[in-house]
Amino acid sequence: AQRVTQPEKLLSVFKGAPVELKCNYSYSGSPELFWYVQYSRQRLQLLLRHISRESIKGFTADLNKGETSFHLKKPFAQEEDSAMYYCALSGLGQGGKLIFGQGTELSVKP
Amino acid sequence: GAGVSQSPSNKVTEKGKDVELRCDPISGHTALYWYRQRLGQGLEFLIYFQGNSAPDKSGLPSDRFSAERTGESVSTLTIQRTQQEDSAVYLCASSTAGRPDTQYFGPGTRLTVL
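Line order of the protein sequences matches chains A and B. Letter by letter, the first sequence follows residues 1 to 110 of my numbering. Letter by letter, the second sequence follows residues 1 to 114 of my numbering.
It is worth saying that the hints were derived from the structure and are not from the lab. Incorrect hints may appear among the rest.
Here are the simulated lysine-lysine pairs, BS3-like style, with alpha carbons at most 30 Å apart [stated by the list, open to error]:
{"no.": "1", "chain 1": "A", "residue 1": "K22", "chain 2": "B", "residue 2": "K11"}
{"no.": "2", "chain 1": "A", "residue 1": "K9", "chain 2": "A", "residue 2": "K73"}
{"no.": "3", "chain 1": "A", "residue 1": "K109", "chain 2": "A", "residue 2": "K73"}
{"no.": "4", "chain 1": "A", "residue 1": "K9", "chain 2": "B", "residue 2": "K17"}
{"no.": "5", "chain 1": "A", "residue 1": "K22", "chain 2": "A", "residue 2": "K73"}
{"no.": "6", "chain 1": "A", "residue 1": "K22", "chain 2": "A", "residue 2": "K57"}
Cβ pair distances, simulated, as ranges [claimed, not checked]:
{"no.": "7", "chain 1": "B", "residue 1": "T112", "chain 2": "A", "residue 2": "S52", "range": "14 to 22 Å"}
{"no.": "8", "chain 1": "A", "residue 1": "G58", "chain 2": "B", "residue 2": "K15", "range": "41 to 49 Å"}
{"no.": "9", "chain 1": "B", "residue 1": "R64", "chain 2": "A", "residue 2": "K109", "range": "16 to 24 Å"}
{"no.": "10", "chain 1": "A", "residue 1": "E79", "chain 2": "B", "residue 2": "S7", "range": "16 to 24 Å"}
{"no.": "11", "chain 1": "B", "residue 1": "T96", "chain 2": "A", "residue 2": "T68", "range": "45 to 53 Å"}
{"no.": "12", "chain 1": "A", "residue 1": "R3", "chain 2": "B", "residue 2": "S9", "range": "24 to 32 Å"}
{"no.": "13", "chain 1": "B", "residue 1": "T78", "chain 2": "A", "residue 2": "E67", "range": "24 to 32 Å"}
{"no.": "14", "chain 1": "A", "residue 1": "K109", "chain 2": "B", "residue 2": "T76", "range": "42 to 50 Å"}
{"no.": "15", "chain 1": "A", "residue 1": "R3", "chain 2": "B", "residue 2": "T78", "range": "26 to 34 Å"}
Anything over 10 Å on all C-beta distances counts as not near chain A; from chain B, calculated [to be verified]:
{"no.": "16", "residue": "S7"}
{"no.": "17", "residue": "S9"}
{"no.": "18", "residue": "V12"}
{"no.": "19", "residue": "D56"}
{"no.": "20", "residue": "S66"}
{"no.": "21", "residue": "G71"}
{"no.": "22", "residue": "E72"}
{"no.": "23", "residue": "T76"}
{"no.": "24", "residue": "Q80"}
{"no.": "25", "residue": "Q83"}
{"no.": "26", "residue": "S95"}
{"no.": "27", "residue": "R99"}
{"no.": "28", "residue": "D101"}
{"no.": "29", "residue": "Q103"}
{"no.": "30", "residue": "V113"}
{"no.": "31", "residue": "L114"}
Where a beta carbon is used, it is the ideal one built from N, C-alpha and C, also for glycine.
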């Protein structure tokens, strides 16, 4: 079965603190993994994808196939990072449909 | 440029009524996706269109749900005999070639079934 699990509904940190949003997945094959973000009153948008191995807005995520995880990290959180974060996967040959986790609300306090 | 648009933005209906939700994708986007987000939950895939055919309808929760698409343009999601559990935000996304990393999402339609 395909599944994405984000164990934390809410993560609250202070500005400047490191942040890690956890994501674990279940998929029989080699999926593509993504992080999407939704800022207040804005649309859901792509933050980053594992195949790009890129850093966006200071965030990085490493795919760990052994642990089936794709945790999102940032060394120093900023107030503007406060948003809903969704981990998602897509399987080969599935036309691009995304399987989402339940989301983690990140709150960065001043 | 214009993004994905959805209408209405909000819809309140009575249990048992039919509703139609509309999605206008980005011009030139061949793939179109419908997702549902119930309160406190993640997005659930409903259906995927490539052009006007739907290769994957696996997420439609019951036969009360149907969707169609006109060419590579507007799509309509229809829910017949609405139930309270249908209350959710319905999101539409489009992409150029069925690639997940190019999906652009609309603002959603918030459906409330009383």
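Each hint tested on the structure:
no., hint, result
1, K22(A) x K11(B), "violated (34 Å)"
2, K9(A) x K73(A), "holds (16 Å)"
3, K109(A) x K73(A), "holds (17 Å)"
4, K9(A) x K17(B), "violated (34 Å)"
5, K22(A) x K73(A), "holds (9 Å)"
6, K22(A) x K57(A), "holds (18 Å)"
7, T112(B) x S52(A): 14 to 22 Å, "violated (38 Å)"
8, G58(A) x K15(B): 41 to 49 Å, "holds (47 Å)"
9, R64(B) x K109(A): 16 to 24 Å, "violated (44 Å)"
10, E79(A) x S7(B): 16 to 24 Å, "violated (33 Å)"
11, T96(B) x T68(A): 45 to 53 Å, "violated (29 Å)"
12, R3(A) x S9(B): 24 to 32 Å, "holds (31 Å)"
13, T78(B) x E67(A): 24 to 32 Å, "violated (42 Å)"
14, K109(A) x T76(B): 42 to 50 Å, "holds (43 Å)"
15, R3(A) x T78(B): 26 to 34 Å, "holds (29 Å)"
16, S7, "holds (15 Å)"
17, S9, "holds (12 Å)"
18, V12, "holds (21 Å)"
19, D56, "violated (6 Å)"
20, S66, "holds (18 Å)"
21, G71, "holds (18 Å)"
22, E72, "holds (15 Å)"
23, T76, "holds (19 Å)"
24, Q80, "holds (23 Å)"
25, Q83, "holds (22 Å)"
26, S95, "violated (6 Å)"
27, R99, "violated (6 Å)"
28, D101, "violated (5 Å)"
29, Q103, "violated (7 Å)"
30, V113, "holds (22 Å)"
31, L114, "holds (25 Å)"
Checked against the numbered hints listed earlier, the structure breaks hints 1, 4, 7, 9, 10, 11, 13, 19, 26, 27, 28 and 29; every other hint is satisfied.
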